[in-house]
Amino acid sequence: MRFPGYLTYGMLLLTGLTWAEYRGWSLSRVNQVKDVPKTVRDNPGAYRSHYGFYPRYVGGK
Amino acid sequence: MASPLVAPPVAKTKALSCPNCGGPVELRGFGHALTVVCQQCLSVLDVSTPEVKILQQIQEKQRITPKIPLGTRGKFAGVAWDVIGFQRRTIHEDDETFSWDEYLLFNPYKGFRYVTEYNGHWNFVTPLESQPTRFAIAGRPAVAFEGRRFKHFDGVEAITTFVLGEFPWRVKGGENAICDDFIDPPTVLSSETTQHEVAWSRGEYTPGADIWKAFALPGNPPPAQGVYLNQPAPAKGGSMWGTFGMFLLGLIVLAILFATASRQSVVLDKRFRFSTADAEPSIVTPVFNLEGHTAALELTVDANMSNNWAYFNFALINDDTGTAFDFGREVSYYSGSDSDGTWSEGGTKETVYIPSVPPGHYYLRIEPEMDAATGPYRVQNKRTNAMDYHVVLKHDVPNYSFFWIVAGLLMIPPLFHGIRSGGFETKRWMDSDYPPVTTRGGD
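Line order of the protein sequences matches chains A and B. Taking the working numbering, I'd label the letters of the first sequence as residues 1 to 61. Taking the working numbering, I'd label the letters of the second sequence as residues 1 to 443.
Here chain A stands alone, though its shape is the one from the complex (with noise of 0.2 Å):
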């Protein structure tokens, strides 16, 4: 064994991409709200996003 240093190292980024890629992690952001009323299922408009706004491409060429 070489490089015992690097084969940890290695073990251990495929060990976690492995857990990650079962648990389905992502980088994605997404805001996670506890307690949503079960009204919004009738009522849509009575829920509004917590997720804040991304900046707005509204350009062209």
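I should point out that these hints are in silico values taken from the structure, not numbers from a laboratory. Any given hint might turn out to be false.
With a Cα cut of at most 30 Å, we get these calculated DSS-like pairs of lysine-lysine [unchecked claim]: (1) Lys270(B) - Lys38(A); (2) Lys38(A) - Lys394(B); (3) Lys34(A) - Lys110(B).
What follows is a list of derived Cβ distance ranges for each label pair [unchecked claim]: (4) Asn304(B) - Arg23(A): 30 to 38 Å; (5) Thr15(A) - Glu291(B): 21 to 29 Å; (6) Gly111(B) - Thr15(A): 51 to 59 Å; (7) Pro37(A) - Thr342(B): 17 to 25 Å; (8) Ala216(B) - Arg2(A): 29 to 37 Å; (9) Gly71(B) - Thr15(A): 40 to 48 Å.
For every residue, glycine included, the Cβ atom is placed at its ideal position computed from N, Cα and C.
Place chain B on chain A using the hints.
Positioned in the frame of chain A, the structure of chain B alone reads:
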């Protein structure tokens, strides 16, 4: 009858008197010595005949104290060696002087060996009985020996500037020889060419600590300075790239495994129409079920728009627990033509990964936005924009972005090693006849 358990012979000493100073001169070389240098007065004596003659007188001011005292016994690979001679060799290059030291070792069974030292770098040197084969690598001289190829490093004229002890050849200060070094670290093959002969030897780089241990010398060896010609590189980039290749293969196997093992089940596939004239822009989808383990969801929204944008506020709401995952995506697509030709920017489709969604019953709330002022329609005398959009939601999907990140992270150590190794080799060859970088003012 001699016992088979007799101890091996040791180098016995024979004493002479120096004809110059009368001091004792010890001979340890079992009669091999042709020249001895008196340690008291530095007279170089010819001891090849019973009549000891003075060949040369070395000045006292030239005296050098060897780091390994003459007469010291050391062990290398289980063989005992006596230090019987010492000489300093010097070269002159570009108004600079470089010197290295050579210690002559003797064992009555094995013969002679050498230990050399330059700036704290040591080599254990064995004379060769056969000559290496000369050839060329990329136009540069090289030699082949015992299946290995050695590149020419340098060729210098070395002058013996100081001698002490005994030698199996006629040695004296001021003698010169052409020395050529060929390297395949940690080995160096050296040739010494004089008027009468060409002698080859093989040196193995030996850390100073090993020399100190072998000769049981007090204290610590002098620290090694710079990079020596056959010093082994601290890192070999090629080997680490091999390990990187194995990891890359592992990554590919993992990617294939997740691509085939992930369910990627479509839990929602619906088309909607949105108009800025709608009283309530937000809608909710029917409840769908996510089964299995906590996994990522992939949401794709495809809107039929041109030269326009739309923003989608999404909330994936767990109908059982009331937990919502809020996120948004913009879809914008612009195209046209100008003097440069046709162009387009953006796209009508966007994908977002929702991480770590536990199993349960969910529905999706969608609230689109568009700029009504640019709309082609009029409702109640107001401009209106509208679009059709298609939402697909897949459960338990692989996310390959992590694979690229891990591949990048895995590449860092081999890159670092490669750069370090390259820097080491550059330093090594800077002192050769083939410097990879020429300094300003140099040739």
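Hint check:
no.	hint	verdict
1	Lys270(B) - Lys38(A)	holds, 22 Å
2	Lys38(A) - Lys394(B)	holds, 24 Å
3	Lys34(A) - Lys110(B)	violated, 84 Å
4	Asn304(B) - Arg23(A): 30 to 38 Å	holds, 35 Å
5	Thr15(A) - Glu291(B): 21 to 29 Å	holds, 26 Å
6	Gly111(B) - Thr15(A): 51 to 59 Å	holds, 56 Å
7	Pro37(A) - Thr342(B): 17 to 25 Å	violated, 50 Å
8	Ala216(B) - Arg2(A): 29 to 37 Å	holds, 32 Å
9	Gly71(B) - Thr15(A): 40 to 48 Å	violated, 59 Å
When each numbered hint is compared with the structure, violations occur for hints 3, 7 and 9.
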